[in-house]
Amino acid sequence: LLLNLGAVREDERVIYNGLPWQVMSLNLHTVLRNPALDGVIRLPLEIISTLVSRPIKNNLWFPSNRGDYVILPDGTFGQIRVQTPDLIEISVKGGMTMTYNTQEFYTINLINLSRDKTFGVSVTFGFDYNLQPISLTEVPETLKREVQSALENAGYAKHLENLIVELATANASSLDFLVFATMNSAVAKDYFKLNRLIQQTCVAVANANQWNIPFPQLTIHHLPAT
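With this note's numbering applied, the sequence shown corresponds to residues 2 to 227, in that order.
It is possible that some hints are incorrect.
To be verified - Below, a list of computed lysine-lysine pairs in the DSBU-like style, where the Cα atoms sit at most 35 Å apart:
id : residue 1 : residue 2
1  : 58        : 145
2  : 145       : 118
3  : 159       : 118
Keep in mind that the hints were calculated from the coordinates and are not lab data.
Everything numeric in this text was worked out from a predicted model, so none of it was measured.
All chains, please: the whole structure from these sequences, using the hints.
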């Protein structure tokens, strides 16, 4: 091991306690570092000898970086404040802080809005079936035009990458349209604000064009008494 010829080698990747680490230096107390976490850990040689490393090839070190905006599986939205080998701190709405064990957080299936260059905001909005004749033409065209205008007026013009509006589902009581806006990750902190803006614009379009927004309907069949 000390000659860098064993199962663990410097500048390679090992898994320890469920987390990936880069071997920084092999010694009696070997230094391991995860590039996405602040800080390092030191392990004695007897523990290192039980591990096996492999070359690093564009591996993902952690599902988030400090400063990223994420959505947790329970729908909680927040920004990563601190990432250490022990704890993850997330700033959530209202100035509160959530804390996770790092090993536990690594296994969470979260949505990272900041990792890639873009993220998506999806809204499904339903209209009455009396719009069926124009459901593939006028309705999606009007929705797209008005949503794009609303985003531009709200200052998101340079952050809007793409906008899709189309009929998604013919439900039992409504024609449901999908509005999907692809946004630059620079405005990830406004994820729910963007969702509300699109919803509000859909309602405004319905009001301006007198398009009905249907209630869920339940049909009851009454059998005559015998």
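Now the hints, each set against the structure:
1. 58 / 145: violated, 42 Å
2. 145 / 118: Given that 35 Å is the threshold and the Cα spacing comes to 23 Å, the pair holds.
3. 159 / 118: Answer holds: residue 159 to residue 118 is near 13 Å, not above 35 Å.
Violation of the numbered hints given earlier is confined to hint 1; every other hint is satisfied by the structure.
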